[in-house]
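S.K.: Letter by letter, the chains look like this.
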Amino acid sequence: MSSVAREWREVPGRYNLKGTKCANCGTIYFPRRDFCPKCRRAGIGKIEEYDICRTGEVYTYSIVYDAPAMCDMIKPYAVVMVRTDDGVMIAGQLVDVDLEKVAIGMRVRAVMRKLSTDGESGIIRYGYKFVPAE
Amino acid sequence: MDVGIVSYGGYVPRYRIKPEEIGRIWGVDGKSMGKGLMIYQKSVPSPDEDVVTIATEAARYMMDRVPDVDPKDIGAIYVGSESHPYAVKPTATIVAEAIEATPAMTAADMEFACKAGTAGIQACMGLVGAGMVKYGVAIGADTSQGAPGDALEYSASAGGAAYLIGSEKVIAKINKTLSFTTDTPDFWRREGQPYPKHGGRFTGEPAYFKHITSAAKMMFEAMGTTAADYKYAVFHQPNGKFPTRVAKQLGFSDEQIQYGLLTPNIGNTYSGAVPLGLANVLDHAEPGDRIFVTSYGSGAGSDAFDITVTDEMANYRRDNAPTLEKVMADPIYVDYGIYAKFKGKILMPE
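So the sequences go chain by chain: A and B.
The first sequence finishes on residue 261 if you use this note's numbering, and the numbering steps up by one all the way, no holes.
The second sequence finishes on residue 366 if you use this note's numbering, and the numbering steps up by one all the way, no holes.
Simulated from the structure, these hints should not be mistaken for lab results.
No experiment lies behind these values; they were computed from the predicted model shown.
Even for Gly, the Cβ is constructed at its ideal location relative to N, Cα and C.
Please note that a few of the clues may not be correct.
[Stated by the list, open to error] DSS-like cross-link-like pairs, simulated, lysine-lysine; straight-line CA separation at most 27 Å:
1. B/K342 to A/K228
2. A/K145 to B/K88
3. B/K105 to B/K257
4. B/K192 to A/K173
5. B/K34 to A/K241
[Unchecked claim] What follows is a list of derived Cβ distance ranges for each label pair:
6. B/I362 to A/A169: 55 to 65 Å
7. B/I362 to A/Y192: 12 to 22 Å
8. A/V191 to B/Q265: 52 to 62 Å
9. B/T242 to A/A260: 17 to 27 Å
10. A/S189 to B/T241: 53 to 63 Å
11. B/G353 to A/P195: 46 to 56 Å
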């Protein structure tokens with residue numbers, strides 16, 4: 128498991144889908160990048176904070192049956208790639224869903240859930256997962 | 017200055033279990049157990065849900081309904097619960113970060129059995145009324161515990177609601193609040209213990225009924241009112257039976273408590289119970305409606321509130337977040353095996 132400090136640095140992205148946007152070319156980065164590889168020098172100083180839209184649709188998905196230990200309690204589960212309403216691709220779990228109803232194009236929204244814990248005494252990691260939306 | 021509710025949001029996990037399924041495991045007639053308690057199903061948190069995630073969901077719905085409120089204007093966040101995920105490390109700071117209210121604010125977790133959420137509302141009213149903060153957030157949320165086979169296992173459930181307390185664009189003015197508190201050992205959980213203990217029948221008359229009726233009568237006297245002056249009433253609801261009986265004792269009809277009584281469908285959400293009941297009332301309320309609220313927390317105390325819905329309700333963006341009826345619709349039913357796994361009742365290998 129990664130360190131507490133590293134997890135803490137991820138909080139803005141994990142809790143609130145905080146990304147960045149290059150004001151030069153309009154590309155949105157999530158997780159955040161502080162350098163635009165498209166604009167390179169022209170993008171320096173033009174990277175802005177950007178709140179990624181919390182709603183979107185399933186672009187593609189997979190059902191995981193052989194789960195890592197941290198997801199053992201909820202297997203089988205769906206992993207989805209979501210295209211948010213502002214066009215950003217984000218991968219995550221889709222939960223509180225009947226697995227047979229998971230489909231490409233399904234409307235979803237990001238919620239905060241427990242991602243993993245460091246055993247019984249360690250830190251609890253929270254972050255985004257997706258649930259079905261109307 | 018009018019202090020009151022500026023916004024609210026409620027959340028209940030999607031999973032449910034029925035009392036007959038719990039009774040099947042323990043050789044008890046669960047159906048009549050459920051009938052006696054007036055609990056026909058209870059909510060179950062998913063393994064990835066806890067008080068932090070439930071409080072966050074409720075708080076985000078609350079903020080969705082007031083898009084003009086800058087979360088940076090929130091000066092205090094209190095989360096009341098008896099199932100905070102950490103013994104030391106506040107739930108409130110995580111929720112505050114998740115609604116982007118940090119860092120110029122105060123935060124703390126509260127604990128008073130089932131009334132920690134309403135205690136938070138009172139604390140926020142004080143801060144707002146004194147001009148120390150523009151807005152305060154009070155949340156009551158729980159993923160409550162009942163020992164396997166114990167009567168509490170049929171009722172202890174999960175859910176929570178969040179309230180934005182302020183003095184501008186108040187949708188429901190809190191005319192008055194008061195409390196009735198004594199040292200009554202009707203229910204407790206010692207540090208490090210996984211399940212609470214309770215005094216059986218002792219939890220009724222000298223505990224729940226005495227504190228609620230005392231606080232309620234103090235409120236009637238202070239306001240010069242009777243039950244007939246209120247359109248709706250919300251009482252703490254450890255089961256469906258107690259609030260129905262206490263409402264009758266105080267002169268309220270079944271119609272008055274109809275929206276505020278959610279326990280028959282979701283179980284006892286502890287600190288979330290009165291906040292969720294009030295949220296369901298506010299989902300249906302119109303300007304001018306007067307609401308009587310009395311919570312109860314074991315140990316023991318009751319907080320009473322006299323609330324009037326204002327004309328601002330007509331401008332309020334209630335539809336920006338789902339109503340509780342919508343949140344509670346379309347549940348997924350689980351059997352006892354799944355319930356035991358979700359609640360961490362199965363001893364797993366290292």
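S.K.: Which of the listed hints are broken here?
M.R.: 3, 4, 9, 11
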